[in-house]
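The number in the numbering used here is simply the position in the sequence shown, starting from 1, with 3 added.
It should be emphasised that the hints constitute simulated quantities derived from the structure, not laboratory data.
It is possible that some hints are incorrect.
With a straight-line Cα cutoff of 25 Å, these simulated SDA-like cross-link-like pairs (lysine to any residue) come out [claimed, not checked]: (1) Lys212 - Asn288; (2) Lys33 - Lys302; (3) Lys301 - Gln350; (4) Lys256 - Ala146; (5) Lys302 - Leu349; (6) Lys212 - Thr180; (7) Lys212 - Thr229; (8) Lys318 - Arg287; (9) Lys318 - Ser376; (10) Lys364 - Glu273.
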Amino acid sequence: MQAIGTLAGGIAHDFNNTLGAIIGYTSLLKNMMKENHPFYGHVATIERSAERAADLTRKLLGFARGGKYRAEPVSLNDVVTRVLPIIQRTFDRAIVIETRLAESLPTTEGDLGQLEHSLLNLCLNARDAMPEGGSLVIETAPARIGEGFVALHPWARTGEFVRLTVSDTGVGMTPETRMRLFEPFFTTKKPGSGTGAGMGLAMVYGAVKNHGGFIEVHSEPGRGTTMNLYLPVSWRIRQGDSPAPEKPVRGVKETVLVVDDEPALRDLAEAVLFSAGYRVLAARNGEEACEILRDLGKKVGLVLLDIEMPGMGGKQAFLTMRGMRPGLPVLVATGHGIEGAASEILQMGGNGFLGKPFRAKELLQAVRRVLDSK
């Protein structure tokens, strides 16, 4: 299975690079056309088809990574608002449903579908614990986890998180049940009840773990249950679910160094950035990038850095360039998601993340966001 996963990941990576050029150039072409242009609809169809293909590559990458199909900024508030109509229509009216959604909630990096499914499973579990009715509360909030919390919960880790809480006033659980709660096929329901085979919470546990998070459970017999899901704040976008007004994405003659071993993607980034008013330099690998930086020094305003490159890869290039010029703005770009090397670079001080394949607008927004933050 490990060999198959590695093969799937490699195929998905190569396919992602091809799709990256298709999606990028079609989005660039759309930006140059008016909607009433006779070919606008054709270009939009190509873009949508390529994006559907990109979704398949994300699923392949998800298989290679252990189940996390997508890696994109997700607001837990969006997750709640998408699941809420389902439970409102299907749950017994004796169950009162309440939501408490935080304003300006940071995003998390994840798979919207998996997170929706996880919340739905938690709500179904809460419903089954309240056969006579009761109260179900769904809450979101930012959470800063410190050493004190980790001391009491060894499976947790410190950092900035967003919390999704599902509380019910149901029958509650014994300590013995809590210990086995996330085991596959473990259930307290009677055989033949038609309420599941004990896989729902195991799937929730797997999804949260795949997203780099953890779960905290509070429950006592007769006093209901509270489940807290903690997911790390996204490195890509630190903003709430209410989008801020878009800022201008055009450059003011800043110089961007594009580092990518794939000619089509390197040329695409050059074309998009140049058309938006940036000066653009290009390097095929980490060694070339370091030579350019050594020659031009402070003239480079930002580096758009691929990770998977022959020779000096993205991580080593980042360390070398930051050694030459501390504080150099670096935007990481990869089709492998934010895990692994991308996460390491961000933790070492990288300034942002851009998932491949990307549209022209997404590239310009990411570059502008990093430059404006310096």
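> Has the given pair, lysine 212 with threonine 180, been kept, meaning a C-alpha gap of at most 25 Å?
Replying inline: The given pair, whose Cα atoms are some 20 Å apart, holds under the 25 Å limit.
> Taking 25 Å as the top limit, are the C-alpha atoms of lysine 212 and asparagine 288 close enough?
Replying inline: 34 Å, violated
>> Please verify whether lysine 302 and leucine 349 have alpha carbons no more than 25 Å apart.
In response: This hinted pair holds, its Cα atoms lying about 23 Å apart.
> Keeping to a limit of 25 Å between CA atoms, is the pair of lysine 256 and alanine 146 held or broken?
Replying inline: 39 Å, violated
> Taking only the CA atoms, is the gap from lysine 301 to glutamine 350 under or equal to 25 Å?
Replying inline: Holds, at roughly 23 Å.
> Are lysine 212 and threonine 229 close enough, with their CA atoms no more than 25 Å apart?
Replying inline: 18 Å, holds
>> Between the alpha carbons of lysine 33 and lysine 302, is the straight-line distance 25 Å or under?
In response: 31 Å, violated
> Between lysine 318 and arginine 287, is the straight-line Cα distance small enough, at 25 Å or below?
Replying inline: 15 Å, holds
> Is it true that the CA of lysine 364 sits at most 25 Å from the CA of glutamate 273?
Replying inline: 13 Å, holds
>> Can you confirm whether the C-alpha distance between lysine 318 and serine 376 stays at or below 25 Å?
In response: 22 Å, holds
Consistency note: the structure conflicts with the earlier hints numbered 1, 2, 4.
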